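**Q** These are the residues of each chain, in order.
2 protein chains.
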Amino acid sequence: MAQHTDPTHSVFIVSDGTGITAETLAHSILSQFDVRFKKIRLPFVDTTEKAQEVAQAINKSAGNDPHRPIVFSSLAKTEFLEIVRASNALHFDLIQTFVPPLEEELGMKAARAMGLSHKSADSAEYGNRMDAINFSLAHDDGQSHKNLANADVILVGVSRSGKTPTSLYLAMQYGIRAANYPLIPEDFERDSLPSALTPHKDKLFGLSINPERLAAIRNERLPNSKYAALENCKQEVQRAEAMMQREGIRWLSSTTKSIEEIATAIMQELKLEKRVG
Amino acid sequence: MAQHTDPTHSVFIVSDGTGITAETLAHSILSQFDVRFKKIRLPFVDTTEKAQEVAQAINKSAGNDPHRPIVFSSLAKTEFLEIVRASNALHFDLIQTFVPPLEEELGMKAARAMGLSHKSADSAEYGNRMDAINFSLAHDDGQSHKNLANADVILVGVSRSGKTPTSLYLAMQYGIRAANYPLIPEDFERDSLPSALTPHKDKLFGLSINPERLAAIRNERLPNSKYAALENCKQEVQRAEAMMQREGIRWLSSTTKSIEEIATAIMQELKLEKRVG
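In order, the protein sequence lines correspond to chains V and B. Residue 115 in this note's numbering sits at position 115 of the first sequence; the count goes up by one each step and never skips. Residue 415 in this note's numbering sits at position 138 of the second sequence; the count goes up by one each step and never skips.
Think of the hints as simulated: they come from the structure by calculation, not from any bench. The structure presented is a predicted model; accordingly, all values stated were derived computationally and were not measured. Each residue gets a CB set at the ideal place from its N, CA and C atoms; glycine is no exception. Hints may be right or wrong, so weigh each one.
The following residues of chain B were derived to be distant from chain V, with all beta-carbon distances above 12 Å [to be verified]: (1) E402; (2) P462; (3) L470; (4) N501; (5) K503; (6) A505; (7) Q512.
Now the in silico label distances, taken between C-beta atoms and shown as ranges [as the list claims (entries may be wrong)]: (8) B:N365 - V:Y227: 50 to 60 Å; (9) V:L230 - B:A426: 29 to 39 Å; (10) B:N365 - V:D191: 46 to 56 Å.
Construct the entire structure; sequences and hints are all you get.
**A** Written out as structure tokens, the structure reads:
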């Protein structure tokens with residue numbers, strides 16, 4: 001990656017809402033540069049006064065820092081954007097960059113209204129999201145067999161292969177009802193899937209993991225246990241993979257993947273449609 | 278909002294990674310238009326072959342739809358971007374839009390490498406995230422008093438005011454160790470905070486909710502119960518708000534807010550620093 005040794009650049013994330021979109025974008029763009037950035041998120045900038053305070057903060061940073069600040073903003077109202085843009089920085093505004101060409105393409109004016117992108121608490125999508133979160137919590141780690149038929153996906157895998165965070169992410173971000181069910185030594189002895197799962201084979205998706213990595217994770221929880229021993233991890237992983245192979249369960253290795261990458265791959269494999277956003 | 282009656286526009290979200298950044302941006306921009314969009318997310322486009330397939334899919338849509346497709350892409354490698362951009366659509370690429378002016382500002386070349394923006398499973402930040410998720414699950418709904426001193430924030434409020442999804446979101450997105458603790462009728466009878474919470478008053482943050490909304494949510498879970506009765510909800514909310522007021526606990530109303538908005542407001546109020554991203 002490109003090298004750089006200068007002191008930190010200040011990056012302001014400015015939004016009339018949460019700033020999550022602007023921050024996600026900034027993070028993605030800035031990760032392409034091997035530079036230390038100091039990010040300052042300023043959400044809910046929804047009055048003239050707050051816009052003026054933001055401009056002052058940026059100018060102050062411009063006066064003190066060795067580098068001009070960088071601003072990623074998402075400000076729907078032109079009046080607030082103009083105030084912020086008058087400050088001394090390299091400015092990128094999401095609305096201003098993408099909305100005008102879209103207005104031209106669609107032959108219509110954008111609303112330029114604040115707060116349109118998040119689902120508020122009384123929308124149907126919000127209800128889907130809450131239902132999915134409650135479902136995933138109730139069906140974490142094989143806690144309940146009730147209503148497994150209502151699951152969109154049932155994740156299976158050995159303990160600590162990443163099932164719980166992936167289930168919660170699928171529920172939170174996409175309103176997917178994701179249950180998860182551990183594969184434990186008893187299942188390998190019996191050499192068959194837990195019986196609660198057999199009626200739902202089409203919804204199963206497996207997570208596996210590199211045994212060395214698994215041993216490291218388990219050792220943090222239960223140091224020097226049989227559970228965490230490398231030899232035991234190797235066996236569990238091997239038998240879990242053999243079982244998934246034999247049963248025709250699709251699976252992936254979570255070893256080098258982020259939760260987002262695992263969740264996205266599962267949605268793609270199972271052709272799941274999200275229920276929010 | 279601007280009105281439009283034409284048939285749906287196809288929107289392709291194309292990425293060499295998960296496509297979450299491009300999708301978040303697209304959602305935010307498109308929500309400014311009162312048009313029905315049909316979104317197609319195409320993640321993990323990381324080979325020449327996959328880029329060609331994407332271009333074909335876009336061209337097919339361009340041939341069938343009444344409107345030209347719209348493409349939001351995030352493709353770090355110029356060779357894949359060029360293949361996709363040759364298709365018949367209105368193209369927006371995040372890298373191409375923002376990276377060149379940043380290269381000039383920073384006086385250096387971007388890495389233009391794929392997969393830089395997500396934390397993989399062996400980074401310290403990933404560990405922070407997992408720890409926070411496990412902490413929030415273990416401290417959901419007042420389940421455990423153990424290690425409350427390690428919490429970054431302890432959410433309090435009546436049952437169904439939004440504590441659980443907010444705690445999980447804070448953990449998942451920001452690596453914040455968020456516990457949550459219900460305020461129940463017994464606390465109001467005694468007219469004091471649960472004793473487990475008094476040593477941690479500086480970490481408390483309250484969620485309240487409009488009683489009518491609360492009654493509606495509770496009625497979905499336990500129809501026609503005392504728990505869900507409007508009169509009971511009114512009393513609980515009033516007494517919870519009085520208690521928070523008296524104890525000097527900061528709080529907000531979750532009634533019209535998304536989980537993202539609640540979480541962002543809490544981070545801002547308590548000046549919490551995220552441990553991931």
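**Q** What are the numbers of the hints the structure violates, in ascending order?
**A** 1
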